[in-house]
Structures are given as C-alpha cells and as structure tokens.
Amino acid sequence: MRVISYLDIQWSPEQIASHVSVSLHSIYRFIQQDKSKGGTLFHNLRFRNQRKRKYGSPETRGQLSNRKSIHDRPVEIEHRSRFGDLEIDTIVGKKHQQSLVSIVDRKTGYLWLKKCSSRKAEEICQTTISLLEPIKDQLKTITADNGKEFSLHEYV
1 MRVISYLDIQ WSPEQIASHV SVSLHSIYRF IQQDKSKGGT LFHNLRFRNQ RKRKYGSPET
61 RGQLSNRKSI HDRPVEIEHR SRFGDLEIDT IVGKKHQQSL VSIVDRKTGY LWLKKCSSRK
121 AEEICQTTIS LLEPIKDQLK TITADNGKEF SLHEYV
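Okay, so the sequence shown: first residue is 1 according to the UniProt record's numbering, each after it adds one.
Just so you know, the hints here were simulated from the structure itself, not pulled from any lab data. Some clues are possibly wrong.
When the alpha-carbon atoms are kept at most 27 Å apart in a straight line, the in silico BS3-like pairs for lysine-lysine are as follows [unchecked claim]:
id, residue 1, residue 2
1, 136, 114
2, 68, 37
3, 35, 68
4, 68, 120
5, 136, 120
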C-alpha cells in the first residue's frame, strides 16, 4: 500500500493525502486502527498523533440504557394503518434553555405540543406523560431518537 510506504519515509498524512486519492481523515483512521491492533505506523508520525482526535473510540458518555433500535419496531408501524403509533422529539429554543415536546401520531398526523422550561430528562418525561394521559389506553408504540432528554423513556 502506498500510504504505508510514504509513512515509512516520514511523510506527514497531509503530504500523503495530496499525492494519493485517500482523504486525510482516512489516513489518520487507518493509523489509529493499526495502533489499536498493535501496529507501529503511528511511530512514523511527526507529532505522534498528539493533536488529532482519537478515531475509533466510540462516544460512551450519556448512552441511553436499554435502548432499542428503530429497526426492531413492528412492521405495522411502517404501514401507518393504526392510531397509537407515535413519534416523539424535542424542539430546542433559543439559547438551548427551553424546549417543546412534540408528539405526532403516524397515521393521522395529529400533533401534541407542550412547552418545557428545561431540557432535563425528568421534565421531558413528566411532560410526555401529561400529554399522553388522555389517550393512554390507545397507545401502541412510541418512537424516539437517542437524545439524552429521552433517557427516562422506560418510565413513559
């Protein structure tokens, strides 16, 4: 591979990217993957990758517990054939202080909105429960994104 041969002669990833049809980020990612497998390509870097973001290490803070993939939801939801399959999201206000909780029924397009004074998970949870209280017997599913404001999704 040409990238490895250029690294062996002490070329920087920036120089390599200008001569080879590979992006700069791909080169750094390749070097990081080699390092995680016990390789020594990173020794050929001029600055030992000190100023570059460490690629390959996933975001671990604030992960939702017990989350489910959107691909695991029932097929009936995609057909939009029944009332009670809901999608929930938040709309963030100016200065990221306040938010609106928006809940949409996939079949009818009916929208529930309510203002929250903060974006904390506890308040989003309470607002969601109060919005859905009148139709709780008709609820089938609720689909949310992986935002941290939905970390208390199991209580809803």
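Hints versus structure:
Simply put, residue 136 and residue 114 have alpha-carbon atoms about 17 Å apart, close enough for the 27 Å limit, and the pair holds. Proximity of residue 68 to residue 37 is assessed by CA-CA distance (about 30 Å); at most 27 Å being required, the pair is judged violated. Taking the CA atoms of residue 35 and residue 68, the gap is near 32 Å; set against the 27 Å cutoff, the hint is violated. For the suggested pair residue 68 and residue 120, the alpha carbons sit about 21 Å apart, so the restraint of at most 27 Å is met.
With a C-alpha separation of about 23 Å, the suggested pair residue 136 and residue 120 falls inside the 27 Å cut-off, and the hint holds.
Hints 2 and 3 from the list above are not met by this structure, while the remaining hints are.
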